[in-house]
Amino acid sequence: MNVALIITAAIVILAFILGMLSGRKVKMNLEQWSVGGRNFGTLLLWLLMAGEIYTTFTFLGASGYAYLNGGPVFYILGYGALAYAVSYFLLPPIWRYAKEHGLITQSDYFVKRFQSPWLGVLTAVVGVAFMIPYTELQLAGLGTIIQISTGEAIPTSWSLIIASVLTAVFVYASGLRSTAWISVLKDILMIVVVLIIGIGLPLYYFGSFGNMFAAVHQAHPHFLSLPGGSKNLGIGWFITTLILTSLGFFMWPHAFGAVYSSKSERAIQKNAIFLPIYQILLMLIFFVGFTALLIVPGLKGSASNGALLVLSVKAEPSWLVGLIGGAGALTAMVPASLILLQAATLVSRNIYQAVIRPEASEETVHLLARILVLVLTAVTLYFALFAPNLIVNLLLTGYDGVTQFFPAVAMSLLWPQRTNKIGAASGIIVGVGLVMILLLTNHDPLWGVNAGFIALVANIVVTVVVSLATTRAASPAIALQEQGQD
1057 MNVALIITAA IVILAFILGM LSGRKVKMNL EQWSVGGRNF GTLLLWLLMA
1107 GEIYTTFTFL GASGYAYLNG GPVFYILGYG ALAYAVSYFL LPPIWRYAKE
1157 HGLITQSDYF VKRFQSPWLG VLTAVVGVAF MIPYTELQLA GLGTIIQIST
1207 GEAIPTSWSL IIASVLTAVF VYASGLRSTA WISVLKDILM IVVVLIIGIG
1257 LPLYYFGSFG NMFAAVHQAH PHFLSLPGGS KNLGIGWFIT TLILTSLGFF
1307 MWPHAFGAVY SSKSERAIQK NAIFLPIYQI LLMLIFFVGF TALLIVPGLK
1357 GSASNGALLV LSVKAEPSWL VGLIGGAGAL TAMVPASLIL LQAATLVSRN
1407 IYQAVIRPEA SEETVHLLAR ILVLVLTAVT LYFALFAPNL IVNLLLTGYD
1457 GVTQFFPAVA MSLLWPQRTN KIGAASGIIV GVGLVMILLL TNHDPLWGVN
1507 AGFIALVANI VVTVVVSLAT TRAASPAIAL QEQGQD
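To convert, count from 1 in the sequence shown and add 1056; that's the working numbering.
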């Protein structure tokens, strides 16, 4: 019997049970299902935000990026900390506004703030377009994790199907609460696993972190500096990518919407203080990637994403590999569940109710959102199984794309009397359009600068110019300095 498979399966089943039980005594309406009744305290909000932010990327992408590119990987360490600093000031006024007006989704903010249902439709369409491939990425990562950690004891297709069905069912039943409670299990496992492999593997093979860095430098002299193993990820790219990703960190619709679940703005600010602790874990993941570079060389392209798992299988006992597989599976299921929930709510509330059937009741919108979770899961699973390469180019635009929401959000807070719906919509359209053009024509970076940053600058200019040239915004200013109570 495959020990790793048994442990991985047990963790996934335990997560499913937690998800189902989380909403057992709660009467579900749209607000309870989608934003948890707006009563998550500091700890649960911390776990939820960490659960949605630290995904299969933590297990696969970060170590694989370190394995392939070396020095440029350190931007990942910086942008999270910068993003939390931004969130300390940006998110509390958004939370206040959302609570005051009963907002459920990110697009609700645009609708209410700019008095424009069509701006809500635009942001919903853009948001869903970028979230679907992001969900597919989680499933693809899940397949890699299960395949390598269990020694291919279970076919990748079946692991994807089973995990997708379980995720869809607990989201359908319990909504955001299921994601939050599974995040508790996921975070405990992830911290344990990352500490074990992030410290243990480098010390096992090299004796110390210093020896590891010395060995990498000796084998690949310029690997740990910019541009590392790449040809064009230099200082300009590094700085502009840091700025872009720190501003766009909470512009993902599922991250933006999760803020509404907080019971107070003080809880949000505490999270901004404590969440950077997770960046330490990312550093340990980099160490695993550097270790794998020397111990299991030759992984090319997307195969490098399995560097952490390949090295772990080579060095660790089966029970620990199973623990790694289970923790890795949850890093896919938790963010996938939140993305599916937010995408379904965006479609049902900001497209169906806003445009197709304005008279639809909250109960109807809630039911449709739950059904759409199943539909979107099926669509995402199809891409993951049969046509993953069809959306790879769209996936590349994801972070750059959602960051184009930032100018409209920031200006609605800082320049509310002049920023209007025409300027906001124009900026988003120009920004997203430019991102698509630059990335799909392989012009990233362009002149040594991140393509998304170039689009963001164009977005800001267009938003300002068009807002100044058109009618004043009618919506009131939102206070930035007011402090909430725990």
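Rather than coming from a laboratory, the hints here were simulated on the basis of the structure.
Don't take each hint at face value.
[As the list claims (entries may be wrong)] Under the rule of at most 25 Å between Cα atoms (straight-line distance), these lysine-lysine pairs were calculated in the DSS-like manner:
{"no.": "1", "residue 1": "K1155", "residue 2": "K1081"}
{"no.": "2", "residue 1": "K1155", "residue 2": "K1287"}
{"no.": "3", "residue 1": "K1168", "residue 2": "K1155"}
{"no.": "4", "residue 1": "K1356", "residue 2": "K1370"}
{"no.": "5", "residue 1": "K1356", "residue 2": "K1287"}
{"no.": "6", "residue 1": "K1083", "residue 2": "K1155"}
Each hint, compared with the structure:
1. K1155 <-> K1081: Holds, at roughly 23 Å.
2. K1155 <-> K1287: violated (47 Å)
3. K1168 <-> K1155: holds (12 Å)
4. K1356 <-> K1370: holds (18 Å)
5. K1356 <-> K1287: Given pair K1356, K1287 holds - Cα atoms ~16 Å apart, limit 25 Å.
6. K1083 <-> K1155: Satisfied, since the Cα-Cα distance of roughly 20 Å is no more than 25 Å.
The structure fails hint 2 only (numbered hints given earlier).
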